[in-house]
Amino acid sequence: DVKVTQSSRYLVKRTGEKVFLECVQDMDHENMFWYRQDPGLGLRLIYFSYDVKMKEKGDIPEGYSVSREKKERFSLILESASTNQTSMYLCASSFRDTVHNEQFFGPGTRLTVL
Amino acid sequence: KNQVEQSPQSLIILEGKNCTLQCNYTVSPFSNLRWYKQDTGRGPVSLTIMTFSENTKSNGRYTATLDADTKQSSLHITASQLSDSASYICVVTPNDYKLSFGAGTTVTVRA
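First to last, the sequence lines map onto chains A and B.
According to my numbering, the first sequence is numbered sequentially starting from 1.
According to my numbering, the second sequence is numbered sequentially starting from 115.
Here are a few chain B residues that face chain A, going by a calculated C-beta distance under 8 Å:
| id | residue |
| --- | --- |
| 1 | 157 |
| 2 | 163 |
| 3 | 215 |
Calculated Cβ distances over 12 Å to all of chain B for the following chain A residues:
| id | residue |
| --- | --- |
| 4 | 17 |
| 5 | 62 |
| 6 | 63 |
| 7 | 64 |
| 8 | 69 |
| 9 | 73 |
| 10 | 78 |
| 11 | 85 |
| 12 | 112 |
Keep in mind the hints are simulated off the structure, nothing from the lab.
A quick note: this is a predicted structure, and the numbers were derived from the prediction, not measured.
Quick reminder that beta carbons are idealized off the backbone N, C-alpha and C, glycines included.
Just chain A, with the same shape it has in the complex (with noise of 0.2 Å):
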C-alpha cells in the first residue's frame, strides 16, 4: 500500500512564528504537491516538486516556500505565519506518468494560527 504520512495532524501556532510542515512517501514517486483545502474552495496547489531540488509554483504560493532534498521528503515551509494561513495542508504524491497519474494524499495537517 502507498503510504503518504504528513508530521502532525494537528497544529496551532502564532502569528509571525515559522513553522515547518513535513511529508514523507515510501512508493518512490517522482512528484510531489502541497495543497490547502479551504470550505467551499476545493484544494489549491500551492507548490509541486517533480524531482529531487526541483520545485515549481503552484496557484498560491505567495507566504510560502518547500524543500526537496530527498526523494522522499517534501516540506512545506511558512516563513512568518499569518492567520489567514489558518488551513488544512494536505501534502500527495504521484508518478511522473502523466496519463495515470493518481495523487496519493497524506491525512492532512491541520493549522491554525492564533
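Go by the hints and put chain B onto chain A.
For chain B alone, coordinates are given in the frame of chain A:
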C-alpha cells in the same frame, strides 16, 4: 473561475437509498477524470478514473459516468451505507500534472 463545478454542495440521504452527484467541467484538453472520496479528517482517496473514451466505470456500489461531449460526469451511490458519509471530489486532469479540483459534495447518510 473554477473549471470544475460540483452539485449539490451537500445532501442528506437515508441509509439504503441511492443518490447521484454531478460534476461539470470546462477543463480542456482533457486526459482523465477521477472521483475521490474524502472521509472527515482524512486525505482524499481515489474511487474511479475515466479517460476520454470511457463513459462508465464502477467500483462496488459506486458508478461513475462521463459524457465528454457535454463535459459532465456523475457519481451514483447505490444502497447507501453509513460509511458512505464523506465528501466526494471530482478531479479533472488536463494533459499535464496540474489537476483541477471541484469543491466537493458532502454526503451525509442517516440511519
